[in-house]
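Peer 1: Sequence:
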Amino acid sequence: MESEENVKNLVHLNGNSNGSPPKNHSKACVVLGAQWGDEGKGKVVDLLAMDADIVCRCQGGNNAGHTVVVGNVEFDFHLLPSGIINSNCVAVVGNGVVIHLSQLFDEIRKNETKGLSNWKQRLFISDRAHLGLPQLPVP
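In case it helps, numbering that gives the first Met the number 0 puts the sequence shown at residues 0 to 138.
Honestly, I wouldn't trust all of these hints.
Below 30 Å or equal to it, Euclidean Cα-Cα: the simulated DSBU-like pairs (lysine-lysine) are [stated by the list, open to error]: (1) Lys-26 - Lys-40; (2) Lys-119 - Lys-26; (3) Lys-40 - Lys-109; (4) Lys-113 - Lys-40; (5) Lys-119 - Lys-40; (6) Lys-109 - Lys-119.
In case anyone wonders, no lab produced these hints; they're calculated from the structure.
This structure is a prediction, so every number in the text was calculated from the model and none was measured.
Given only the sequences and the hints, what does the whole structure look like? Please build it.
Peer 2: In structure tokens, the structure reads:
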């Protein structure tokens with residue numbers, strides 16, 4: 000997992016000398032993992048989401064996760080894009096995501112108790128996302 004200092008250095012290297020996330024003037028900014036996790040993607044997405052209008056989760060399932068700490072509160076994400084913490088962002092779950100409904104609802108409930116708010120107006124799920132059902136377990 001990336002340390003807070005490493006993330007701040009990454010942000011600083013991207014052209015912002017005051018330590019806050021850079022303003023992203025591009026049409027799209029993609030955070031793509033080069034390994035099988037623990038790269039700090041969730042924290043980077045959370046930092047970039049401060050200036051984003053839309054955050055997307057484009058593929059994967061609930062087997063991986065991102066923990067994002069805001070203040071002293073830990074938010075845990077497995078299906079939702081971690082940038083949904085930013086109340087100004089629209090969050091999209093894309094067509095490459097495998098959604099297990101019971102786990103999605105559980106994730107939303109847990110994060111609501113930690114302070115996630117107005118997600119109902121900001122969460123959009125692709126009608127082409129894969130739906131995992133308990134009757135059809137994945138081997």
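Peer 1: Quick check: which numbered hints come out false for this structure?
Peer 2: Result: no hint breaks.
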